[in-house]
Each structure stands twice: as C-alpha cells, then as structure tokens.
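Student: Use the sequences and the hints to build the structure in full.
Protein chains: 2
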Amino acid sequence: MEITQETLDSLKYDASGLIPAVVVDDETGDVLMVAYMNKDSLADTVKTGKTHFWSRSRQQYWMKGESSGNTQEVQSIYIDCDVDTLVVKVTPAGAACHNGYRSCFYRKLNDAGEFEVVDTPLFDPDEVYGKK
Amino acid sequence: MEITQETLDSLKYDASGLIPAVVVDDETGDVLMVAYMNKDSLADTVKTGKTHFWSRSRQQYWMKGESSGNTQEVQSIYIDCDVDTLVVKVTPAGAACHNGYRSCFYRKLNDAGEFEVVDTPLFDPDEVYGKK
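Taken in sequence, the protein lines are chains A and B.
Heads up: the first sequence begins at 878 in this note's numbering, then just goes up one per residue.
Heads up: the second sequence begins at 878 in this note's numbering, then just goes up one per residue.
Watch out, some of these pointers could steer you wrong.
Any copy, or any two copies together, can satisfy a pair, since identical chains are not distinguished.
Derived SDA-like pairs (lysine to any residue); straight-line CA-CA distance at most 20 Å [said to hold, decoys possible]:
1) LYS985 x THR884
2) LYS916 x GLN937
3) LYS985 x THR881
4) LYS889 x ARG933
5) LYS889 x TYR913
6) LYS916 x ASP1003
7) LYS889 x SER932
8) LYS927 x ALA892
9) LYS927 x ILE896
10) LYS916 x GLU904
11) LYS924 x MET878
12) LYS985 x VAL923
13) LYS927 x GLU991
14) LYS924 x ASP1003
15) LYS924 x GLN952
Simulated from the structure, these hints should not be mistaken for lab results.
Tutor: Structural data, given as structure tokens:
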C-alpha cells in the first residue's frame, strides 16, 4: 500500500498532531480498539502494512504487537467526511486489548446501568507483558 | 436503558469534558460515524434511546437527526479498557453522514495512495439541510 505526501498532509490532525483511528476486524466487522496516529505512524502503517500509533499516555511511538506479538495486518483504510478520523480494517494476530481481550470494548452497559464484562480474555496480560 | 450517575462519573473525559463515541450499525457492523459526547449527551442518549452529541466545531449540543430526521436508535453501548472511548450500536434511520452517505467513512485509500469515494449518497445534503 502507499499514501501520497499530499494525502498525508490533507488530513486534519489535532493540536497534538494526532488523528484517531478506529481499528476494525476485517472479517467480523467488530471494533477492536481506538488509538491515535501521527503523520509518521500513519505513513509507517501504510508502508509496512502493520498498525503503528502514538501513545498519548506513554508519549511514545509504538507498533501494535511490538511487546505482545499481537500485530494487526492492515487490509484497508478509510477517512471520514471531516478528514479527522480514520477507520483501519485489519486482520488481527490475537487479542487487540492489553487486558487480553479480543477487543478493547469488552464491557457493555447492562440493565442496572453499569458496564459489565461480556467477553472472555484470550490471554493473561501478566504473562504476555512479563509482569509475572 | 439507564446509566447510573456513578458509571457516568467513572468514565474518562478529555480536557473539554468529552468522550469519543464510535457509532456502529447494529445490523451490518459498519462504522457509521465518530462523534463526541459530554456527560449530558451520554445521559440523554441512554435516557431517550437516541444518540446525542456535543459538536466541537459548532460548540453545540445536538441530537443526531434533529435537522435531517436521520436519527439513530440505540441498541447497546460498550466502553473500552481505558474507559475513554464508547462504541454505540444503533439502528439508523437513513444516512449518518451530513454529506448524504450511509457512513461518514465513504472514502477508501486506493492503489494510487489517495482517498477515493467508494459509496453512493442516499440523499442530496443541500435538499435535506435546506440549502437549496
């Protein structure tokens, strides 16, 4: 895949130079995660075919799966009407969530008005990220 | 549907008091739009069963469909691991995009490295929003 410099420059980045990316499972259509890209990470995502982001909490450039091995192979990229949000369709190698779940959206609002876990983790994060 | 005040208060809002919401078509799984909610609009979304947002560009509270009639009936709401992003699954009444498309993500990165329109609009926005 490729992206022209003109296209990269035409997108609307926020004051920190970031654009949110909704990462979707290409096969199931499930939303896996929402993370932020800067111009470099978007360019690398396109060039390498693996998702790259900018972590706002860690203030760090990262490739999804660099610690866990759970990379995401990019299938297609979409932009919205306001050119300020991306949808990236991927084939995930394992879980998207650092808590071990397939998707970061594993909690659903229940009848009691609280968010409740509705999925089962694929792995134990303490083992994968070496905290044990 | 309901949401407790404690749950509302437990979410992570940004410096402007907003949380991004990924709106997904409950039937097809397609990402329709990404917009921002404040605590009030999330509460009203749950209470009324119709999506409500805060417009950053217009600095205005709005119900999706208040101008166009293209409301979104809420089916379920999910929160992510970091409690800073929502996924809202809806049954849409018509197009989500103010440009007349079913989804705001109607442009896909093509082989030339440019975003290309890959969908057909459902309506003429000039007619719906009364610019004609």
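Student: Quick one: which hint numbers does this structure break? Sort them smallest to largest.
Tutor: Hints 6, 8, 10 and 14 contradicted; others consistent.
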